[in-house]
Amino acid sequence: MDSKEKLSDTSDKWLDAYNDRVASLYTFTQCMTLSDIKADGDWKLIIADLGTGSYDMKLKVYKNTNLMSEHTIMDLPTGVVTFYLDTLEPRTPAIAVASGPYIYIYKNLRPYFKFTLPPLEIHPVEQDLWDQARQDHVSPIIMKETLESLRQEGATLTTRSLRLLQLDPSDLDTFIQVQKSAPLKRQTVITCLGTLKKNLADDDAISCLVIGTESKAIYVLDPEAFTVLATMELPSVPVFLSVNGLYDVEYRIVTSCRNGCVYTIKRGSNEAVVKHTIELKSQPVGMERIGKNIYVGTMDQMLHCFTAKGKKLWSIKMPATIMTLEAIDFKPKGFSGVAVALGNSQVQIYKEKYLTDVIHTEDVVTGLRFGHFAREDGTLVMTTRSGSLFVKILKRTAKFEERDLSAGPPAAQNVKLNVPKKTKLFVDQTLRERENAVAMHRTFQRDLYLLRLNVAREYVKALENSMNPHLIRSHRASQAYSSGWLLEQLKPNLKTLFVVQGVGPTFRLTVNLQNTSLTQVSTSLLITFEYDDKLYSFHKKLIQVPMLVPGLMYLYESFIDCLSDKGVSDTVKVYVLKQGRSMPLITGVISMPVSEAVVLS
Amino acid sequence: MADETVNVEAAALTTHDRDQDLKTTKIPTAEVHVPNVHSDPSKSRPRKFPDIPLFERKNWLIHLHYVQREFEKCKVLIREVLGESSGMCEYAVYVQALILRQEGKIQESLELFQTCALLNPHSADNLKQVARSLFLLARHKAAIDVYNEAAKLSERDWEVAHNQGVCYMYLRDFEKAKQCLHHALEYRRHEVTYVMLGKIFLMEGDIKHAIDVYRAAVEHSPENPDLLTTLGLLYMQVGQYQKAFESLGNALTFDPTHTKAIMAAGSMMQSHNDFDVALTKYRILGVNTPESPPLWNNVGMCFFGKKKYVAAISCLKRANYLAPFDWKILYNLGLVHLTMQQYASAFHFLSASINLRPKMAHLYMLLAVALTHLEDMDNALQSYEQAVKLDPTDPTIPLNYCVFLYNSGQRKQAAKQFSTFEQLLRAPKQSQQPVDQAVLDLASKLGPVLQVGENLVWKQPAQPSGPPVGETPTPTPVPPSVDNISNDAERQGAYAVPSREGTRNDLNNNHNLASSEADDSSQTGADNLSQLPLQGFENLDRSQLRTPLGLPSSPAPLTRMATTTGLDPEILASPTVEETAPDALYAMPMKRSVTRGGLAPLTHGSSTRGGALPALSRAPLPPAHDPEDDDDNECEEIEEQIETVKQRAM
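Top line first, the protein sequences correspond to chains A and B. Just so you know, the numbering used here puts the end of the first sequence at 601, numbered straight through with nothing missing. Just so you know, the numbering used here puts the end of the second sequence at 650, numbered straight through with nothing missing.
Calculated from the structure, these hints are not laboratory results. The structure displayed is predicted, hence computed values, not measured ones. Quick reminder that beta carbons are idealized off the backbone N, C-alpha and C, glycines included. There's no promise every hint is true.
Derived coverage of chain B by chain A (criterion: at least 3 residues anywhere in the stretch with Cβ under 8 Å from a Cβ of chain A; other residues may be distant) [as the list claims (entries may be wrong)]:
1. 56-65
2. 79-88
3. 117-131
4. 343-354
Next up, chain B with everything else stripped away, as it sits in the complex (with noise of 0.2 Å):
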């Protein structure tokens, strides 16, 4: 058997190999013949040139500590060979640049990538490690010309041409990203390319081809949770809620805690009264999140809905502690001051909102009522004219000013308003939306004491009821006194505010909760890139809101407002807070909770001036304990008394 052995190795050894084989003499262990044969002086042959070893022998087991990310020993074995090779060896170098590259070295891996390119000018691996470099030195132009050389080198590559796409879009020539994307697509389909050509599609506001892009991302990998938060979040944006609600369905089956889902899903919840539901998701966000200002703000809102003001009061003041220069947040606090009556507070988060933002026309609305409790009518009217130039199509601002005109005796430019509230209200725009029924009722109250309007009962211009023409309003019998007039104004026009809330629901497609969910997916958009070393959407968001921080250096820049409402000139941002940035970040779910919470009927017209607000004595039940409920018995305790309170009030 060992002669065999011998003679089949004897015959596949070359010269150089049997060399090799004088070594593998000291091998021996006692059971091994072969090597003896071989140490026969007649076989082997003395040495005549020292073996080369190759460079490239240790390549796979650099390779292998590689990729387990033992870099410490990587960076020994590289040292070895480098140190046998002269540096002649292309992967031990490429992989010592690479490990550079991994520890944030960018600059003196480039310079080995460089290397690597010299010792092997024909690997498009080289260059594209080259420009890849470049890239993330954000040497784009130069990125781009080096991915044209490896282009030459590789034909049809994908990540060639992926690449260069995203250099271009950072150069902003989005039509040839474009066309790179586009290009990369046809060669291999990845959710990257996806992602960034959708981006660049949100880029230029076109919203709809993102929307195409990212299903086909979606039919690519279908149980990729980012993909289908970030489609359920455009067709949130358009308006496609159904759409959207199942996208962001079946990215929280594929991840059950994805943050952006559940936040997107909860506000849609939100949106649909569906209170409990969306605060057992936003459970989960409270264990990944919890230092997330928008999941404390749509939770506070979820407790408004619910009617527990001292809950929600806690969590949007925990979220305006947590971003304090959002003014959604501050929005939202204002609002549940107003509910709250806590008119002096509501003036100051208002007008701390309006410094954020000071082209809000229901920011201004709100103001206005605040300033109208506050007993500061020259402001309060100044607050009303302000928030009519902003928004002239929202029909409840009218309404509101109406009723403040009313009471403060200015019957004329009262029905003046009034005319200008039915005109909106009836403009082809808004009758395809629901308005809110408090909204009309009101309305249809003040219609008669103003002795205008055309309708007597206003009902939902949805329904065909509109009134039949000609008809012309009955007189109202007796006029009430002025003094009950005015306490049935006043109440209404405190009325008003959350009326104008709720109608805001409805109208949302036009307004805030479009804009807010069409950034809350840019944002996500941008997070799902978040691995891409450069700009998300939500740090340009964040740093633009970031810069009015400072006080304005001169007090110059005053709005009207600033000398109208009695506003600290210093509060006042000057107007660089723009449209340009884009909305707030989230969804403002606030809506028609208030509906629900704060309306009252017009009919209970106590005559107690000043006094509780019968919607907030009446409606609001002492809520139900609800051993599952997130704010346990003390905070309950609190609400109570303070309803209580309100009940003696009365």
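Same shape as in the complex, but just chain A (with noise of 0.2 Å):
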């Protein structure tokens, strides 16, 4: 378990502390949290394992490298962290765990209590139907009728209403004869969890737990009495908190929401301050806040930094994916930052814009922490992907660059540009050419005329034979067994399409005949072919075409065999001819694909 070796790191900031490739740890930033729970001056690692993302969910606390202990969750932890709830001595912080509609907490890692989210509101009518249901009163057609008509006005109504929706008709009433008798609620589920010190700043001073829900809420709660303090409205669901202040003095909720924005709340005011608020381009991956201002990192690999008033202060585009964010506050050497997990497995620590430090890692982290742990006090915990778990010390004698490490001209203005090369030769045509240029010029446009009489010349002769320029199309069969070659021809009025198929010895040639005239039937057609017959062999060598009605495909075929086993291929022309007419009204070209071998009969 305790395997020391180490990593192939490029940071020489940093010490290995532990390594464990087999925590089989599956959790998130959110979920990690450092705290002296035995005021003893050691920190545990707290961690909330998701297990298996559906069972075997646990409250894992680390001392030193060893498990300490372990507890069983029942739902999964959406995040943990450490408050004082009282002021008894010695100062021993609670644990609280949020999963699903509750929050369990731990003192002295024993269970201590568990808070429920106050229900939600529910619809009147809702309400109504089911204590009409209660006694019978209203049967569940329509009931369910009711429901739904409800749902499509847009009312929320609770999962037992909606669960009733989905059911056949025939279900209904059993379902209604078994849920009718609990109590109806509304119930939503935590997303996020943090605390607000409540009158003093001290680090040990009593905590209040901040909640955001499901509901597009945030919940205040007192640590004593567990009550709900504050709640406070959001225009959409919260993923990430950052809260600072005191509760009963002047505090600051900055949260980021599914809608991809960020909204700051203030004291005194149950809403979002809409003016302040951050609109990102893409899903906030992590938040963080350093002194006053909101470090954004977002899905389209950019890390934002904007002021609390959200303005942006700057973006710079990261090498990689985010996978989350961790303020670094490290105060004995006086150096903030944040330092941000990346999809190709790598942990950056930036100073502002800066790159102070990287730290490669052997996984992609998903969790990260960053503070005391046992008796250090700057110390880097990840956890990664494949549920390893890492810890770094930061070394005493490490400083962090205050400037960017990519500062000053870029590398690449020291690479030469490549400039293609030239030879003697160059140099040579070069010169002949300033010597002849008269000549040179005179010869190329003497020839060009003659490439172009030539080229007429041969025009005409085609045409005059009939053998007009052809489409040719390449066409080969996805069959393993059929290649076909395929010859299109456009005449005025007969189209053709010549097709060879199989693979040899005997092919099969198939001319499709088009009459494309609107009005003329063509009358009178033969078709015949010209081929080497030692090559090939026609079982048909004339084929006699009846009338051809405008606008019809007529299908000839005649097999060839060929009877060369050599390997050769040749080309087989096929004319089609008018009776009375030596000019063929259309010759087709076809080259003939290499026969398999000639099977001896």
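Starting from two chains that each stand alone, build the complex the way the hints lay out.
Put into structure tokens, the structure is as follows:
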């Protein structure tokens, strides 16, 4: 378990403290925290493990490198925080684990209290319906219809009603019978969790819990009585929370939401301050507050920095997808920055917009915490996608450069341009041209005219022989057995298409004839072939074509045997002739495919 | 302690919770006492009804995996959740649709978003996503309708207004598009909106407003190199070079490897003869975009400016290889070959360029010069005629024409062209720009020979040195012998080309440079928007440049030049390449370089006929070897070889 083998690490600022590649943790930044829960100066790592994602969820507490205790959690943990809920000595903080609609609070590593989110308001009609159902005053069908229309109107229904809507009419009655006696309530789910000091700014002052829910609300809980102190509405579902200030004095809750916006809530307002909204172009992957600035990493590989008022300060592009963010506030050195875990298995540390350090990891880091661990001040705890746990300690000698590692002129500027080379031959040609330019030009022009003349002659010749240029399309059938060559010819009123099929030694040649004129029929046509009779033998040497009705496609076939097994092929000419004319109407030249070996019979 | 805990908890629990707690009883490890209390039968009630899990209980986890781009895990989760809730979990469907969109399956994603909108018809988000999908499918009208619906649900929504504007833009309803985008800016200021708005103004050809928009955008986000570059290019287009350079410099401060900014800044440096700095900057691009034709064109012209002609040809040929149908590269190649006295090659490059761009007067003029040297006088004459016809405002064309006519013995016509030249030179438009000294020198030689013209000595018209009115031209005492003159003039003809080039540089506000830079900027503008899934200018450009690639199917549409210059009619493009197609894509920074390289004072009247250009043999000294230079020794040696041969030919 304690494989202490060194990571190939470029950064010399960190010491490897602990590597556990088989920790099999499934967790995120918000499900990890570092806290001195025993008040003995030996800080523990608390991780809420999502297990397999559906069962085996555990709350794990690491003391140094050992797993100190493990508690089973009922449902998927959403977040873990530690906070002081009383003023008792010794100052041991409580652990709060959010899960579903509940918050489980552990004190001294023992279950202490379970808080349930206040149920949401139920639509009066729905409530009424279930009340009637309890007394069997309403038929299941009517109930379903009413609920359906409620939903259409946009009312948010309870899970029970939604479930009912999906049932077959036959199952309705049983369902209602089972469910009706239980009180109807609408619950929601916690999506994020944070803490807020109540009235003192001390490290061990009593804190309130701040809870974001799926119902687009934020609750502030009183730590002693576990009552809701404040409720705030948001335009969307909160995903990440960042809280600072004191509840009784002044506080600010910054929350990024699923609609890609970051909202700020101040004390006294129960709604987000719209003026300070930050609209992002992409979904936020992590949000941290350092000093007065808000750092947001987004899905489009950008790290943005905004002022508290929502004005953008800068954005930088990351080399890979951002997985999570963690603020680094290292007081002994007065360093504060943000650590960004990336999809290329790196953790980069930025001070403002300047990259100051890069840590290479074995796997993609999904959870990241910086802080006290054991007796060390600066410790970076990382969990990876594959479930490993890595702990690194910041060296005491480590110094973060204040300036950008990539400053100065780009390295590319020192690379020579790859200018193509020229040879002696080029010089000779240049000189030759310089001396003989006129002669060269004239020769060229004369040859060009000759070429054009020849082309024109050939063209006329082809026209005279009715060997008009063909539109040739190479066509290979997808089946392994048939390879076809296809010729298509367009004549004013006759369209032909030649297809050769087969792999040999016997091929099938298909001639498609179509009379393209609108009114006139074509009569007394013949098809014949010209070929090398040492190489090929045609089953039909002459095909008499009956009258062609305009528009219809006629097919004529002939089998061709290839007589050679030498793997040679030749062209075959197809003539479409009209009786009484010596000149073919259409000539098709077909390149025959090479035949497979001849089967000797 | 344990008792107290239980009490508190019991008070807080509702009956339903307690039921939940029944399950909690299974948690306990030895140290947990609480569950024992719960298992007490007196307190727990028998389970009467099955607990229904909340549909949305895993939404946060789906979201978290989605933003981390772990789409596979996401899909597994979604399948699970949708199974549990029989498809009723809106958010799971929503994320599924988002993932499908990321995978490019727009149609399927649209269907899922429509499902979301059915599950929750009162969410503006769902409608916005439906509209977005429609937009991606290029069904802009339908998208606008859905956005209108969404606008009812969420008022003053930037996203809705912006996207509607973009839809209208693609429907080419620019008025409405601008209106929507202005609304969007009122609601919230976003860079994209500025960029879109600027793009619309550019599409309408309204550069002034486009500049205003981009300036506002830069104010809003002063560190965006793309915006700064586009602004810089727009400034260049309207001739505000100072501001342009500032803007481009800022862009390079924030992103020292920004391709467009380097390209634009480099071409400006070239126009100030700052070739070494420009080359250093181009090195960055040589690493980033080694296959960019404009880059190699500009590098080539840098070498040309530094009189390294072999390197220039190498680079230009590579540019030509990369973009064979770019007339500017061909133009430059023609020019360099003319300078190298490779007239046959020059002819081919120039005629190829003319085929791609049949309306450029300068191309015809250069062609005429090449033809003159190829001793094809008839076609040269035709070519000059065509050039004059196409651009009657450029004084260098009549000047070169005049030299040509004079050499072929047509003094009368030559005198006529010379007076045209004088008129053009004095035209108020031209007088504001400095005319190249070489042009003036040539003119002051020609004037007396032709015994026309009012000035004996031409000076920069910018200087108020107009000749005193009424001064009659002093007749040239003894006209040189015909032979001599023709020799002189022959050479003049040769020089006039580069001198024209030089002038061209100064006139570039009217001509090429301006337009080419304009294109450059529009191209940049387009590139900024490249994330948006529709046509950028660049794409348009390319495709339009590509259309004439195929040889014209019929040899019919020959321009007159085809016959006269003996050009192969087949090669001549039918005049489909039109002004509508934006000019070539980048600046042609050839310009002044030529002036320095190629112009020789007329006084060097050596009588060797057909000899090398004195300019070439004299002016360019063997290049000093600079170890930092990009063309290495081998190249230099070749350069030197050519130089020495030239000198020998003298």
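Hint check:
no.	hint	in the structure
1	56-65	holds (count 8)
2	79-88	holds (count 4)
3	117-131	holds (count 4)
4	343-354	holds (count 4)
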